[in-house]
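Protein chains in written order, with our numbering: chain G, 420 to 980; chain U, 420 to 980.
Bear in mind the hints are in silico, worked out from the structure with no lab data behind them.
Don't take every hint at face value.
When chains are identical, the list treats them as one kind, so a pair holds in a single copy or across two.
Said to hold, decoys possible - Here are the simulated DSS-like cross-link-like pairs (lysine-lysine), alpha carbons at most 27 Å apart as the crow flies:
{"#": "1", "residue 1": "K602", "residue 2": "K470"}
{"#": "2", "residue 1": "K921", "residue 2": "K702"}
{"#": "3", "residue 1": "K545", "residue 2": "K453"}
{"#": "4", "residue 1": "K659", "residue 2": "K814"}
{"#": "5", "residue 1": "K808", "residue 2": "K921"}
{"#": "6", "residue 1": "K739", "residue 2": "K421"}
{"#": "7", "residue 1": "K421", "residue 2": "K545"}
Keep in mind that this is a model prediction, so the values were computed, not measured.
Protein chains: 2
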Amino acid sequence: MKTTQLLIPTQKEAPNDAQIISHQLMIRAGLISKLASGLYSYLPMGVRILKKVESIVREEMDKAGSQEVLMPVTQPAELWQESGRWQEYGPELLRFNDRHGREFCMGPTHEEVITHLAAQYIRSYKQLPMSFYQVQTKFRDEIRPRFGVMRSREFIMKDAYSFHLDQASLQQTYDLMHQTYCKIFDRLGLDYRPVLADSGSIGGDASHEFHVLADSGEDEICFSNESDYAANIEKVAFSKQEVTCHAQAVEESVLTKKKTSIEQVSEFLNVAPSQCIKTLIIKTSEGLKALALRGDHELNEIKAHNLFGEFELASDEEIKSLGLKKGFIGVKGLSIELIVDYSASVVCDFVCGANEWDQHLTGANWQGVEFSEADLRNAVAGDDSPDGKGQLIIKRGIEVGHIFQLGDKYSKAMNSNVIGESGKAVTTTMGCYGIGVTRVIAAAIEQNYDDRGIIFPEAIAPFQVVIVPINYNKSTRVKTLADNLYQQCLEAGIEVLLDNRKERAGIMFADSELLGIPHRMVLSDTHADNGNIEYKARNQSDKLEVSYDDALAFIQEKLAE
Amino acid sequence: MKTTQLLIPTQKEAPNDAQIISHQLMIRAGLISKLASGLYSYLPMGVRILKKVESIVREEMDKAGSQEVLMPVTQPAELWQESGRWQEYGPELLRFNDRHGREFCMGPTHEEVITHLAAQYIRSYKQLPMSFYQVQTKFRDEIRPRFGVMRSREFIMKDAYSFHLDQASLQQTYDLMHQTYCKIFDRLGLDYRPVLADSGSIGGDASHEFHVLADSGEDEICFSNESDYAANIEKVAFSKQEVTCHAQAVEESVLTKKKTSIEQVSEFLNVAPSQCIKTLIIKTSEGLKALALRGDHELNEIKAHNLFGEFELASDEEIKSLGLKKGFIGVKGLSIELIVDYSASVVCDFVCGANEWDQHLTGANWQGVEFSEADLRNAVAGDDSPDGKGQLIIKRGIEVGHIFQLGDKYSKAMNSNVIGESGKAVTTTMGCYGIGVTRVIAAAIEQNYDDRGIIFPEAIAPFQVVIVPINYNKSTRVKTLADNLYQQCLEAGIEVLLDNRKERAGIMFADSELLGIPHRMVLSDTHADNGNIEYKARNQSDKLEVSYDDALAFIQEKLAE
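Produce the complete structure using the sequences and hints provided.
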């Protein structure tokens, strides 16, 4: 296509509300336009990218034997009441009434609708396993939509759901989807990692997230430096450790006036935070409990939630009611249950609160303290990998996919049963599999940009090649050469953009770089004097002179690489 | 693909709420599934059809130089307030509040959003003309959703919008879109007509509807039997006629006791309805008016609306207040303005009410009656075509497309201006162009079915070819032959379905006919004994024996036809 046939409203400045680079660049490159908070229109270049992502996703889902369906955006409340989520789901679920006053929601996800469909149409075990997917508009009423299409209210998801007779069959499809997702993200040209994840509010038994690695990622993910182990930081599980040290010190109470944080205490006493033990008091449905962790570790709220159910940190009043002194709480002489993190219980000669104002203990040890042990903490860089191979590295990632084993949460609530081999009704077992299609674009940009703009992976670039002729409107020679090369590219099936504007070369270069088109061919009278064109790859800094007659073959070779 | 890999939940009975054949067949063939009133999920076969329609639409829109965009389903109230439609639009516009209480609607159409985009990004006349389209989910909160996807609440539209410097440029794009729509409906394999239409509530100056001809159509459309003239019945315009008769009769008042309708009077007096004149009293913002039409003609409410603005039929009280007698109102001696339809004003020696109870006049004539003339009526079959060529035929149609010249209704209200050649701001002129993508499927079925099911046009059939092997699971020979032919078809790029179920032949035949797959190849031991397969086209009744070895070549020839 030619640039003048397209609306590509590039701009130099990013809007004020664009905090992250993908948001800034998507607006600046004219891929999207903000309609309202969390609502974006995709402009022609944005749609080209979107269609490419969608088409790769569809091809691989089809290959995996998943059947494409299309369910409504609008969902009746009754189904969500059946699953129990009408009440459970927070205000992100946009609820509304139709003109007759009936309740509906705009679907943030489609478990209810697909399970309802399966209950209607899948009746025999012989039909199983079966999986369905759709590429569809979702809505989530985010309280603070931000980061452009990364956390918008309306977005496009590929969501898929599978139905099975048993767990073994689910595991098979789950593994196939894991492979399929790897193929999809490979083809999209992204540097990503599948990681063990928590299955969160969707419920269910096993799940993996697919993260695009990028410094701006919202999530922390942990890898082994020696094995395939990878998990969301929330999900890294630690086991009970052997005590390898010996208590040597003599316990003493020391004055630590106004030193209430681990940082202050460790600095004041010149002891590493890993030699300090901190005690948190939490309030659970069973009353107050004390949790002890190493000073350099953080409580993992998901692990705590799994152990204690709903909980919160105790208030100052509640701490006081136990006779404890905030900032100086220790592990000795507590009147409530004490649970010690596996890494904390193996420390010897540690520092902890003395349970007296302005006093800490030094040289403390666990002897004589009554406690149980548990895995309570987040991983930190350098931890031993839970698979016993190597140490953990922590990187930031952007979640672009998520696969879950749902079990029978929905199929039980919504009566998705089949007649089993024995003639008895069996509740189906489900999996679900999502990819944030619009999010993939933002994540690809977060991972691939420089100070001049986007560097799109080839598979999702809006065009493969841009031809930039200098003085297209003044030099007949340049125009003829450019038109001819453009025609050659079109006939070879190359997605090529001819910049036929009457703009200065600098503006055309800047726009093509901002847009991230992978290959650029420049035509000018100067190059033509030597029978050449100038080639530059978007992700390389050097330029090449290539003979005009070889230009097509050259670019075809580049595209084949 | 193989039938066992797909969910194709065919059923013998149609649901009770399915009144029209396309709704019945789409449910029975397992193309769609009802989720709630006016909300349908597309099952795998339905999605295959949908994608084919979408892809033809996209290809032709791209060829016409229109740029694909994607705007949100959710639209902020502010834009609709700017255009004035927030108040104007009825309860079909689904309005809701987000979690912060801000007002939004689910878009039934996107004039506001696209005009807002154009106002932001199209700034110079040099960028014009420019047109945009999207294939997108719309919502219209129908009071009584019915007819399946024909009048559902959520549906998919291809909507397009064009921006111009002047009317001449709009006309050019409008004509191009007219041609593009013809190409689209040609490729879809539909028998359709573009007809002149009223532009309705969208506003604007000129419009055409594209109707698929089908007896079940909601609209009546008129064609000349001798020319290209075609128009929605509401839009057929008549001109003033010459009087060609002479008043010969003597006017008499006759007793017509309790004969209050044209049918009763014409039968009682043995006079054709076309020789009777009926008088309607309407209430307008300027007071009561009398309208006279021929007894065999109906008032065209749109024409009346264009002449008189909002109006309604006068109440019994209002008729009484004029001293008139309902059922016996005539054209003589009225105290209010009388407007006579062009076809009524040229009748001589007619029958009309006598303005007395139980009395009509016979042999009445217009001499001495004060009136003005206007085009007030709907066309009837046999009317002279307004272009002077031939007579009108009336058929029923289903509206699947609509193109409008919008003028500056939206661009003016929403400040879509460009800097013109002279340096001054010019308001853009707009066109808009819609195709009901999901509606096209229902319309195609209304036009193509028989008592066994759907007869899909080749371009949108879910599969091109179905292979039905008899005893696939028992006869190794049949299985080998079928698998081999299936493989040949796949390798030749044919979209083929292999019915590999353990079902009786009758069920497999019935399902393939219900689904409307254009070409069927049957393999059985009997046919194999002769080295043959049996071929049947869905739209033909005869079966052919074809040599197995020639089967692929044969089917390729059929597909090329």
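Now for the hints, and whether the structure bears them out:
1. K602 to K470: Result: close both inside a copy and across copies, 17 Å intra and 23 Å inter.
2. K921 to K702: neither (69 Å within a copy, 61 Å between copies)
3. K545 to K453: Answer is between; shortest inter-copy Cα gap is 24 Å, intra-copy 48 Å.
4. K659 to K814: Only inside one copy: K659 and K814 sit 25 Å apart there, 82 Å across copies, limit 27 Å.
5. K808 to K921: neither (60 Å within a copy, 51 Å between copies)
6. K739 to K421: neither (73 Å within a copy, 70 Å between copies)
7. K421 to K545: between (53 Å within a copy, 14 Å between copies)
When the structure is compared with the earlier hints, violations turn up for hints 2, 5, 6 and for no others.
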